[in-house]
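Novice: Build out the structure end to end from the sequences listed, making use of the hints.
There are 2 protein chains.
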Amino acid sequence: MNFEKFPAEVSIREVGPRDGLQNEDPVPTDDKVRLLNALSRTGVKRIEAVSFVHPKAIPQMADAAEVWARAEKNPDVRYSALVPNTKGAHRALEAGFTEIEVVVSASNTHNLRNVNRSTEDSLDDITGLISLLHDEGASAEVIISTAFGCPYEGDVPPERVASIVDRVVADGADRVSFGDTTGMSTPVRVARLLDLVKARHPDVPLLLHFHNTRGTALAGILTALDYGITEFDASVGGLGGCPYAPGATGNVATEEVVHMLQDMEIATGVNLPELIEVARLAQEIVGRELPSGVLRAGPRLPQISREKN
Amino acid sequence: MNFEKFPAEVSIREVGPRDGLQNEDPVPTDDKVRLLNALSRTGVKRIEAVSFVHPKAIPQMADAAEVWARAEKNPDVRYSALVPNTKGAHRALEAGFTEIEVVVSASNTHNLRNVNRSTEDSLDDITGLISLLHDEGASAEVIISTAFGCPYEGDVPPERVASIVDRVVADGADRVSFGDTTGMSTPVRVARLLDLVKARHPDVPLLLHFHNTRGTALAGILTALDYGITEFDASVGGLGGCPYAPGATGNVATEEVVHMLQDMEIATGVNLPELIEVARLAQEIVGRELPSGVLRAGPRLPQISREKN
Numbered sequence: 001m002n003f004e005k006f007p008a009e010v011s012i013r014e015v016g017p018r019d020g021l022q023n024e025d026p027v028p029t030d031d032k033v034r035l036l037n038a039l040s041r042t043g044v045k046r047i048e049a050v051s052f053v054h055p056k057a058i059p060q061m062a063d064a065a066e067v068w069a070r071a072e073k074n075p076d077v078r079y080s081a082l083v084p085n086t087k088g089a090h091r092a093l094e095a096g097f098t099e100i101e102v103v104v105s106a107s108n109t110h111n112l113r114n115v116n117r118s119t120e121d122s123l124d125d126i127t128g129l130i131s132l133l134h135d136e137g138a139s140a141e142v143i144i145s146t147a148f149g150c151p152y153e154g155d156v157p158p159e160r161v162a163s164i165v166d167r168v169v170a171d172g173a174d175r176v177s178f179g180d181t182t183g184m185s186t187p188v189r190v191a192r193l194l195d196l197v198k199a200r201h202p203d204v205p206l207l208l209h210f211h212n213t214r215g216t217a218l219a220g221i222l223t224a225l226d227y228g229i230t231e232f233d234a235s236v237g238g239l240g241g242c243p244y245a246p247g248a249t250g251n252v253a254t255e256e257v258v259h260m261l262q263d264m265e266i267a268t269g270v271n272l273p274e275l276i277e278v279a280r281l282a283q284e285i286v287g288r289e290l291p292s293g294v295l296r297a298g299p300r301l302p303q304i305s306r307e308k309n
Numbered sequence: 310m311n312f313e314k315f316p317a318e319v320s321i322r323e324v325g326p327r328d329g330l331q332n333e334d335p336v337p338t339d340d341k342v343r344l345l346n347a348l349s350r351t352g353v354k355r356i357e358a359v360s361f362v363h364p365k366a367i368p369q370m371a372d373a374a375e376v377w378a379r380a381e382k383n384p385d386v387r388y389s390a391l392v393p394n395t396k397g398a399h400r401a402l403e404a405g406f407t408e409i410e411v412v413v414s415a416s417n418t419h420n421l422r423n424v425n426r427s428t429e430d431s432l433d434d435i436t437g438l439i440s441l442l443h444d445e446g447a448s449a450e451v452i453i454s455t456a457f458g459c460p461y462e463g464d465v466p467p468e469r470v471a472s473i474v475d476r477v478v479a480d481g482a483d484r485v486s487f488g489d490t491t492g493m494s495t496p497v498r499v500a501r502l503l504d505l506v507k508a509r510h511p512d513v514p515l516l517l518h519f520h521n522t523r524g525t526a527l528a529g530i531l532t533a534l535d536y537g538i539t540e541f542d543a544s545v546g547g548l549g550g551c552p553y554a555p556g557a558t559g560n561v562a563t564e565e566v567v568h569m570l571q572d573m574e575i576a577t578g579v580n581l582p583e584l585i586e587v588a589r590l591a592q593e594i595v596g597r598e599l600p601s602g603v604l605r606a607g608p609r610l611p612q613i614s615r616e617k618n
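First to last, the protein sequences are chains A and B. The first sequence: position 14 = 14 (the numbering used here), numbered continuously. The second sequence: position 24 = 333 (the numbering used here), numbered continuously.
The hints are simulated quantities; they were obtained by calculation from the structure and are not laboratory data. Just so we're clear, the structure is a prediction, and the values are computed from it rather than from any experiment. A few of these clues could be false.
[Unchecked claim] Per the computed footprint, the stretches of chain B lying under chain A, defined by three or more beta-carbons under 8 angstroms from a beta-carbon of chain A, are:
(1) 337-347
(2) 496-504
(3) 514-525
(4) 528-538
(5) 558-569
(6) 600-609
[What the hints assert, rightly or not] Using C-beta positions, here's what the derived DEER-type ranges look like:
(7) A/A267 / B/E598: 33 to 43 angstroms
(8) A/A199 / B/K507: 50 to 60 angstroms
(9) A/E66 / B/D339: 55 to 65 angstroms
(10) B/V336 / A/E289: 19 to 29 angstroms
(11) A/H201 / B/G537: 30 to 40 angstroms
(12) A/E274 / B/S472: 31 to 41 angstroms
(13) B/K507 / A/N116: 46 to 56 angstroms
Just so you know, even glycine gets a beta-carbon here, dropped at the ideal spot from N, CA and C.
Specialist: Given below as structure tokens:
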């Protein structure tokens with residue numbers, strides 16, 4: 001590892017308001033707006049704000065349009081929304097989003113269980129979705145979930161993930177994101193996938209989305225930094241839990257990512273003490289203790305930051 | 310990072326029975342013996358079994374001699390004990406230990422608060438302790454705690470830690486261990502310290518002891534592996550907590566370390582499903598949920614190991 005060659009700057013996308021809250025018990029619209037507004041003031045550069053999904057499938061996001069309409073938009077923040085299909089895409093476009101994410105699972109079984117169609121069929125839908133989004137002047141990011149393993153199928157071959165990248169890049173995807181959906185990544189799996197994809201698509205922006213279910217999230221980020229990756233998802237407080245194991249950790253906590261990067265002198269723009277305050281707010285909103293170590297124990301130099309404040 | 314050059318094998322020292330239980334509420338002697346015996350059967354190669362400290366200072370270890378006398382000794386396991394001073398060393402030697410650890414804090418303030426003397430004075434004591442242990446045919450490991458930061462002083466310069474290594478190596482220390490006592494390490498700090506120490510003492514065996522208080526433990530281990538380090542401490546279930554922050558994580562969980570290394574095809578000798586069973590036992594013994602992600606969520610391929618069993 002050559003720390004000297006690590007990127008000087010990293011762009012964190014805060015996914016707590018969407019991916020986080022979507023995996024918690026539903027919370028009131030007011031709280032969602034409060035959380036979004038508070039995050040918009042932390043210095044974070046990107047926020048995944050909401051998803052436009054069917055309210056019966058995901059009641060947590062039923063009020064997406066209202067949340068977004070009421071949220072303060074910080075001109076320094078790039079906001080995005082996730083959509084599952086054409087209907088969702090139209091709702092997101094109507095709401096004014098210009099950065100839109102669509103999702104497909106690398107594991108066929110996972111895709112079938114999630115959206116009742118094969119990975120192949122979802123990719124066909126995505127071809128049309130990318131065109132639609134581009135026609136309306138929005139960018140299209142394809143999130144490939146279960147990119148490091150599937151809870152049903154087990155290991156997912158990196159070649160399979162890379163061939164999905166080939167397909168969506170050919171279809172015009174502006175960015176590709178790899179989801180460690182149930183926390184099955186380990187450093188060597190991150191390296192193998194990035195080796196393949198970077199060789200084939202050196203210029204496609206890649207974003208990594210780690211879960212900390214088995215403690216490996218920051219090790220995965222470290223590995224990705226060594227590959228020059230500069231875009232990572234993270235969730236304030238570790239909001240989102242792990243739907244497969246009650247009490248277990250899901251999304252890596254934004255504070256833990258910022259805290260490590262800060263000590264490595266990699267800029268994120270995020271004000272860590274403010275972010276920790278927002279993690280406390282998130283904890284209050286969902287009414288349970290969140291798993292973020294930096295939230296619980298404070299940053300590594302707590303007494304020193306106390307003195308400074 | 311060049312995974313091809315990573316060590317093929319890693320020696321984990323299980324510290325749950327000593328460092329773990331020493332930082333939990335006291336548990337009965339029977340439970341300590343059960344835990345030790347169960348760990349001895351997991352395939353782990355080394356166990357820090359007990360410490361011989363003053364029972365008034367650390368009541369958790371008051372029954373160390375009895376625990377050790379009653380424990381089953383697996384001939385394939387190397388057992389060690391920690392001692393704070395000459396009296397403790399004599400007790401450990403009497404009990405039959407031949408691998409003994411002594412400890413000094415790199416941070417002077419931490420050393421003063423812990424043992425009421427300066428780092429310099431502790432180092433003078435250690436000179437005598439190493440001689441005594443060698444005279445009695447035992448090996449002497451020096452643990453340098455707060456090696457990546459101190460909760461009172463903040464950052465600890467790696468040069469200071471390296472100069473302590475110089476001193477104890479000159480005094481005959483057989484091994485040196487770096488303690489991330491309150492979870493203040495980040496990958497770049499691990500690299501800086503190892504750069505310095507490996508350049509000066511390429512042949513001294515180094516052992517790293519990480520805490521996962523702020524999520525960085527496995528990233529630290531990954532960094533150390535890149536430096537060729539092959540010895541790590543870990544605590545079953547993450548036993549040990551964090552005395553500075555209730556509910557926070559202390560020692561990195563042995564299951565998380567074994568789980569990551571296994572997926573990287575680095576041998577540890579440990580049977581992961583058996584180790585997870587012992588983590589459940591540890592949880593039962595201390596009567597609280599332990600922070601290990603692999604204990605809570607299971608290994609990354611749970612359904613597959615279920616099918617195999």
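Novice: Kindly confirm whether 50 to 60 angstroms is satisfied by the beta carbon distance between A/A199 and B/K507.
Specialist: Distance hint for A/A199, B/K507 is violated at roughly 32 angstroms.
Novice: Look at the Cβ atoms of A/A267 and B/E598 and judge whether their distance stays inside 33 to 43 angstroms.
Specialist: The hint (33 to 43 angstroms, Cβ to Cβ) holds, given that A/A267 and B/E598 are roughly 36 angstroms apart.
Novice: Can you tell me whether the CB distance of A/E66 to B/D339 sits inside 55 to 65 angstroms?
Specialist: holds, 59 angstroms
Novice: Is the distance from the Cβ of A/E274 to the Cβ of B/S472 consistent with 31 to 41 angstroms?
Specialist: Given a distance of about 38 angstroms, which is inside 31 to 41 angstroms, the answer is holds.
Novice: Is 46 to 56 angstroms right for how far apart the beta carbons of B/K507 and A/N116 are?
Specialist: holds, 55 angstroms
Novice: Are at least 3 residues of the segment 514-525 of chain B within less than 8 angstroms of chain A when you compare beta carbons?
Specialist: holds (count 5)
Novice: Does the segment 558-569 of chain B contain three or more residues whose Cβ lies closer than 8 angstroms to a Cβ of chain A?
Specialist: As far as the segment 558-569 of chain B goes, the hint holds, because 6 residues have Cβ atoms under 8 angstroms from chain A.
Novice: Quick one: are B/V336 and A/E289 within 19 to 29 angstroms, going by C-beta?
Specialist: Holds, since B/V336 and A/E289 (Cβ atoms, about 24 angstroms apart) stay within the stated range.
Novice: Quick one: see if chain A covers the segment 496-504 of chain B, three-plus residues with Cβ-Cβ under 8 angstroms.
Specialist: Holds: 4 residues of the segment 496-504 of chain B have a Cβ under 8 angstroms from chain A.
Novice: Under a C-beta cut-off of less than 8 angstroms, do 3 or more residues of the segment 600-609 of chain B approach chain A closely enough to confirm the stated coverage?
Specialist: n = 8 at 8 angstroms, threshold three: holds.
Novice: So the hint says 30 to 40 angstroms: do the beta-carbon atoms of A/H201 and B/G537 match that?
Specialist: Taking Cβ atoms as reference, A/H201 and B/G537 lie about 33 angstroms apart, which means the hint holds.
Novice: Count residues of the segment 337-347 of chain B with a Cβ under 8 angstroms from any Cβ of chain A, then say if the count reaches three.
Specialist: As far as the segment 337-347 of chain B goes, the hint is violated, because 0 residues have Cβ atoms under 8 angstroms from chain A.
Checked against the numbered hints above, the structure violates hints 1 and 8; every other hint is satisfied.
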